[in-house]
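Work out the full structure, taking the sequences as your base and the hints as a guide.
Residue numbers (numbering that gives the first Met the number 0), protein chains in the order written: chain R, 0 to 738; chain W, 0 to 80; chain U, 0 to 80; chain Z, 0 to 228.
If you are wondering where the hints come from, they were derived from the structure by calculation, not from laboratory data.
Check the hints yourself; a few may be wrong.
Non-contacting residues of chain R with respect to chain Z, defined by C-beta distances greater than 10 Å in every case (computed) [as the list claims (entries may be wrong)]:
{"hint": "1", "residue": "VAL72"}
{"hint": "2", "residue": "GLY157"}
{"hint": "3", "residue": "GLY164"}
{"hint": "4", "residue": "GLU424"}
{"hint": "5", "residue": "LEU662"}
{"hint": "6", "residue": "GLU690"}
Straight-line distance between alpha carbons at most 25 Å, and here's what the computed SDA-like set of lysine to any residue pairs gives [stated by the list, open to error]:
{"hint": "7", "chain 1": "W", "residue 1": "LYS5", "chain 2": "U", "residue 2": "GLU50"}
{"hint": "8", "chain 1": "W", "residue 1": "LYS39", "chain 2": "Z", "residue 2": "ASP27"}
{"hint": "9", "chain 1": "U", "residue 1": "LYS5", "chain 2": "U", "residue 2": "LYS52"}
{"hint": "10", "chain 1": "R", "residue 1": "LYS196", "chain 2": "R", "residue 2": "ILE447"}
{"hint": "11", "chain 1": "Z", "residue 1": "LYS151", "chain 2": "Z", "residue 2": "THR130"}
{"hint": "12", "chain 1": "W", "residue 1": "LYS63", "chain 2": "R", "residue 2": "ARG724"}
{"hint": "13", "chain 1": "U", "residue 1": "LYS39", "chain 2": "W", "residue 2": "LEU3"}
{"hint": "14", "chain 1": "Z", "residue 1": "LYS112", "chain 2": "R", "residue 2": "ARG724"}
{"hint": "15", "chain 1": "W", "residue 1": "LYS39", "chain 2": "U", "residue 2": "GLU58"}
{"hint": "16", "chain 1": "Z", "residue 1": "LYS112", "chain 2": "R", "residue 2": "VAL172"}
{"hint": "17", "chain 1": "R", "residue 1": "LYS613", "chain 2": "R", "residue 2": "THR68"}
{"hint": "18", "chain 1": "U", "residue 1": "LYS59", "chain 2": "W", "residue 2": "THR7"}
{"hint": "19", "chain 1": "W", "residue 1": "LYS9", "chain 2": "U", "residue 2": "GLU76"}
{"hint": "20", "chain 1": "W", "residue 1": "LYS63", "chain 2": "U", "residue 2": "GLU58"}
{"hint": "21", "chain 1": "U", "residue 1": "LYS5", "chain 2": "U", "residue 2": "ALA53"}
{"hint": "22", "chain 1": "U", "residue 1": "LYS1", "chain 2": "W", "residue 2": "MET0"}
If you want a taste of the chain Z side facing chain W, the calculated C-beta under 8 Å gives, among others [what the hints assert, rightly or not]:
{"hint": "23", "residue": "TYR52"}
{"hint": "24", "residue": "GLY53"}
{"hint": "25", "residue": "TYR55"}
{"hint": "26", "residue": "LEU56"}
{"hint": "27", "residue": "MET61"}
{"hint": "28", "residue": "GLN64"}
On a predicted model such as this, the values are computed, not experimentally measured, just so you know.
C-beta atoms are modelled at their ideal positions from N, C-alpha and C, and glycine is treated no differently.
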Amino acid sequence: MTTDSPMAEGITPEIIAEHGLNPREYAAVCDSLGGRAPSYTELGVFSVMWSEHCSYKSSRVWLAKLPTTGPQVICGPGENAGIVDIGDGQAAVFKMESHNHPSYIEPYQGAATGVGGIMRDVFTMGARPIANMNALRFGSPEHPKTRHLVSGVVSGIGGYGNCIGVPTVGGEVNFDKSYDGNILVNAMCVGLVDVDKIFYAAASGVGNPVVYVGSKTGRDGIHGATMASAEFDDDSEEKRPTVQVGDPFTEKLLLEACLELMAGDAIIGIQDMGAAGLTSSGVEMADKGGVGVELNLDLVPCREEEMTAYEMLLSESQERMLMVLTPGREDEAQKIFEKWGLDFSVIGVTTDTGHFVTRHKGEIKTDIPLDTLANNAPKYNRLYTIAAAPAKITLEEAPAPNSLKHTLLKLMGSADLCSRRWVWEQYDHMVMGDTVGRPGGDAAVVRIHGTDKSLAITTDVTPRYVAADAIEGGKQAVAETWRNLSATGATPLAITDCMNFGNPERSEIMGQFAGAIRGMAEACEALSYPVVSGNVSLYNETNGQAILPTPAIGGIGLIKDTEMRASAAIGAEGDTLLLIGPERGHLGQSLYQRDIIGTAKGAPPPVDLEEERKNGTFVRELIAAGDVSHVHDCSDGGLWVAVAEMALAANIGADISLGNQDLPAHAILFGEDQARYILSVDKAKSLEILEDARENGIEIRELGFAHGDSLHVEGGDEVKLADLRKAHESWLPDYMNTV
Amino acid sequence: MKALVKVTLKNGVLDPQGKAIHQALGSLGFDGIDQVRQGKLIEIDLNENDEAKAHAQVEKMCEKLLANMVIENYSIELEAS
Amino acid sequence: MKALVKVTLKNGVLDPQGKAIHQALGSLGFDGIDQVRQGKLIEIDLNENDEAKAHAQVEKMCEKLLANMVIENYSIELEAS
Amino acid sequence: MKAAVIVFPGSNCDRDVAVSLKDAMGCDADMVWHGDAEIPKTDLIVLPGGFSYGDYLRCGAMAAQSPIMKDVVTKANSGVPVLGICNGFQLLTEAGLLPGAMLRNANLKYLCKDVHLRVERNDTIFSRHYTQGDVIKIPIAHHDGNFFADAKTLAQLEDRNLIAFRYCDSGGKITDEANPNGSANNIAGIYNENGTILGLMPHPERLADIQLGGVDGKTMFSSLVETLH
Ligand SMILES: Nc1ncnc2c1ncn2[C@@H]1O[C@H](COP(=O)(O)OP(=O)(O)O)[C@@H](O)[C@H]1O
Ligand SMILES: [Mg+2]
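In structure tokens form, the structure reads like this:
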């Protein structure tokens with residue numbers, strides 16, 4: 000790398016490159032400093048602020064295309080988390096975030112700190128976290144590292160969430176070889192706040208104290224550049240681990256202390272110190288409030304000796320917050336934090352300079368105009384090519400299996416469809432005493448404490464669909480969350496997303512991103528289901544091998560009366576099973592095709608958003624009216640898998656018919672058509688519902704009835720529930736117990 | 000032989016347990032403590048009686064399982080059993 | 000001074016962690032292990048420089064907090080720091 | 000009736016048990032901070048579940064040294080009933096109010112799930128609304144619930160009929176398969192000699208509300224309220 004831009008003494012083009020800045024970006028840095036070269040510390044600050052992670056430089060132009068408004072939206076993207084109104088002066092605060100790379104390096108701590116980070120995003124807004132979710136993708140089960148990663152990630156998520164005492168109520172786990180070298184750990188947190196008690200990050204006013212609270216700062220997670228020259232790195236100890244270790248106990252104290260202080264009105268603005276720690280929290284708060292900030296780094300509580308300004312500014316030590324207080328309220332705040340045994344230090348003041356100024360040991364270490372750091376960060380319109388949608392497969396490409404029965408057993412006992420009990424039993428999913436819909440259903444249902452209301456929460460995406468057709472796959476991910484919420488009886492409110500992709504500098508990857516966004520936007524629009532928060536994780540690839548495009552969607556919905564909700568189990572022996580939605584036998588990209596035939600090909604199932612809306616609304620209204628309380632949607636694996644899941648949940652069998660169609664049995668049973676729900680209702684009710692549906696132009700048929708202790712399909716095949724349960728429940732524990 | 004493996008956190012890695020013990024000792028009135036760090040102690044009874052061989056074996060165990068080399072160091076002591 | 004406290008499970012107290020490590024080592028192909036026991040290692044940096052005093056102090060810490068005498072034993076080593 | 004719930008740094012089932020108590024008593028429990036010296040006059044002391052001090056070092060070890068514990072011990076010794084749930088049970092053993100100790104679960108994993116318990120006695124203030132031999136469903140949620148006591152202590156517990164609950168299968172049989180954590184003799188909870196202190200790993204407050212999936216835990220709170228009011 001060469002550059003004509005000025006360079007401070009000791010800085011080399013290599014050092015600039017190691018800070019992730021290309022020559023053009025470096026030139027822009029110098030420009031924004033009025034033509035002077037940045038100091039080493041300033042270089043560090045630009046490096047993190049202009050990183051993909053903080054600046055969203057590759058994705059911003061695309062994220063702007065997502066619908067983010069609606070009557071329910073109180074706060075859309077741009078703050079620590081999104082906020083939607085849930086009535087009665089209450090709001091739900093939620094967001095999902097990735098911690099992919101750290102979890103691959105150190106699965107326990109990486110996952111744990113991911114959970115800690117997302118919870119801070121939520122309680123920094125004044126909300127008490129009430130539920131956590133986790134969407135996980137691992138490499139192929141055969142890969143030698145997979146087991147170790149699963150074990151570490153799951154215990155890390157549990158280790159943090161269980162200790163804090165926030166229930167982890169659901170999520171997803173998938174395996175695919177594309178994640179062999181890049182696992183995905185996406186954590187979501189949902190919190191509850193009173194609408195008139197929401198806190199934002201903006202630091203308004205001049206001369207207000209800037210306060211550091213929480214844990215001490217160490218040299219955790221400073222990736223930065225390894226300095227070649229000894230001037231900058233005088234102690235040449237063992238290479239410092241960059242792994243951050245989570246301290247859930249301290250976070251619990253921080254949570255309680257923050258909420259205690261937030262009960263009053265001493266706080267003007269508050270922001271957690273997440274990625275890029277003190278730098279990004281300081282810069283963002285000042286920038287949002289349109290003020291400057293000056294920090295005295297001598298006052299930062301440190302747990303290690305001789306920390307430099309560079310290290311303090313870039314440290315990613317966990318369990319820390321930055322606040323701007325109303326002047327004169329410092330003592331009151333200090334008392335609270337000290338009661339909880341936490342550090343408290345007034346480290347700076349808001350100014351009218353519009354600059355980010357830091358001093359250390361009497362020297363000015365940074366003096367940077369804030370707007371360049373935040374708003375004038377690079378923004379790229381990267382080249383993209385959206386791959387043409389593949390053709391729908393022909394039936395010959397998905398021939399019938401030898402045995403329907405064995406196919407079902409195999410699917411139900413496969414890595415992607417087997418029970419996740421082994422996972423969720425390691426999570427405290429009941430603490431806080433409001434988990435009315437535990438893991439295992441379509442969406443978790445968590446009561447709003449002390450009210451009749453509940454929130455339904457789900458995360459979904461089907462990466463193989465997105466890989467085959469990004470637009471349709473993006474749509475499907477949003478639609479599936481919407482359907483999962485609807486199946487519980489909840490009115491879907493809004494989503495958060497976690498966009499996990501490969502290298503955006505490759506046009507085909509950028510095309511996946513662009514396509515997924517287009518599909519998501521279309522679905523959000525059609526379903527009145529806006530995006531209120533999210534996160535982007537790019538460069539998930541190793542040796543040019545990118546992960547499957549994985550736009551994980553986290554959706555939440557509101558159940559007005561907790562009594563009026565549905566579970567994903569069969570209701571009772573003798574119930575009639577109704578199938579709502581289309582039966583086109585779509586096997587392209589199905590699990591049947593992938594796991595039974597051996598290759599997934601062709602177009603993924605098309606998503607008809609109008610049909611989604613119609614069917615979901617119909618189902619939801621039935622649940623709200625108290626007519627139906629047992630509903631499951633059809634997704635991965637198709638119809639028979641959905642029936643099997645309902646049967647296992649109730650331990651009641653089911654006899655189903657194939658309907659009067661020209662399709663082969665395996666296409667009906669394992670096709671993955673969208674917009675579908677199975678209802679279990681008593682016989683008398685079923686007639687009413689059938690009629691009602693037909694009057695409303697809803698595609699519906701009588702699927703069968705609940706009976707006995709096995710699954711039975713018209714024309715022969717029968718599977719004992721006991722065998723099915725064994726296949727379904729044993730895969731994960733067996734897999735994890737073999738070394 | 001008997002191997003005693005000490006697994007400790009690397010320098011600079013946060014030690015929440017040590018920190019909490021430090022605080023608890025403080026509130027019990029034990030002053031004058033600068034730092035507390037918590038580690039693991041693993042005792043292994045081996046059939047191997049050759050010291051060099053035993054050491055090599057235990058070293059491998061540490062690398063493969065007993066220590067998390069991303070954040071931990073280990074040391075091995077051997078004694079005849 | 001620096002105190003090294005070793006907290007180990009008493010004889011006869013079952014040790015789920017040690018057992019699990021034993022099994023895991025076995026399935027990694029490490030044979031010839033008779034037993035594995037896991038304990039804790041607590042390192043305390045003390046201001047006290049008098050060995051006898053330091054020992055007495057750390058002994059108290061063990062009795063009060065660091066070890067649970069129902070199931071655990073402890074031993075203390077001191078070194079100048 | 001009045002009840003006091005002690006809140007330690009890291010307690011996280013304090014509110015949950017207060018909700019169950021309120022449902023049963025009709026009034027709020029006192030939430031007492033661990034740093035206080037004294038518990039206001041009360042008919043029942045509850046040590047709630049959670050991760051006091053992060054469960055660092057040993058579960059309940061640091062909480063057992065909290066200032067309030069002196070008063071808990073004094074009051075317990077003078078006969079004020081004490082209920083320790085999960086972390087509260089661990090704490091009771093650490094504080095010496097109940098014998099034994101809690102080891103890591105046999106499979107080393109944190110486990111959160113409903114389990115079946117056999118009610119071993121129904122002649123205590125905690126259990127009089129149960130029937131002896133009843134099989135009840137209550138969730139566990141812990142990492143270190145593997146009850147250990149030396150052979151002599153165990154024999155004493157058995158001989159003096161101090162076992163409160165045992166893990167069992169749905170038919171009430173005490174089997175190894177039904178033992179979720181490796182506890183000695185499938186012990187899920189024990190009493191002190193007088194039956195005034197109960198420590199148990201399962202969380203009765205978590206199934207004391209039909210919307211949450213069951214009410215077997217509620218029976219314990221109603222037993223207490225009836226006796227202590
Ligand atoms: N990592 C996880 N943590 C907790 N629960 C999980 C996890 N993964 C899956 N689950 C739960 O398992 C059930 C099945 O998951 P999934 O197959 O993704 O459901 P669906 O197909 O209805 O979206 C859901 O209730 C989900 O919340
Ligand atoms: Mg799903």
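Each hint, compared with the structure:
no. : hint                : result
1   : VAL72               : holds (29 Å)
2   : GLY157              : violated (5 Å)
3   : GLY164              : violated (2 Å)
4   : GLU424              : violated (5 Å)
5   : LEU662              : holds (39 Å)
6   : GLU690              : holds (32 Å)
7   : LYS5/W / GLU50/U    : holds (23 Å)
8   : LYS39/W / ASP27/Z   : violated (44 Å)
9   : LYS5/U / LYS52/U    : holds (19 Å)
10  : LYS196/R / ILE447/R : holds (17 Å)
11  : LYS151/Z / THR130/Z : violated (29 Å)
12  : LYS63/W / ARG724/R  : violated (35 Å)
13  : LYS39/U / LEU3/W    : holds (12 Å)
14  : LYS112/Z / ARG724/R : holds (18 Å)
15  : LYS39/W / GLU58/U   : holds (19 Å)
16  : LYS112/Z / VAL172/R : holds (19 Å)
17  : LYS613/R / THR68/R  : holds (22 Å)
18  : LYS59/U / THR7/W    : holds (23 Å)
19  : LYS9/W / GLU76/U    : holds (21 Å)
20  : LYS63/W / GLU58/U   : violated (35 Å)
21  : LYS5/U / ALA53/U    : holds (16 Å)
22  : LYS1/U / MET0/W     : violated (28 Å)
23  : TYR52               : holds (5 Å)
24  : GLY53               : holds (6 Å)
25  : TYR55               : holds (4 Å)
26  : LEU56               : holds (6 Å)
27  : MET61               : holds (4 Å)
28  : GLN64               : holds (6 Å)
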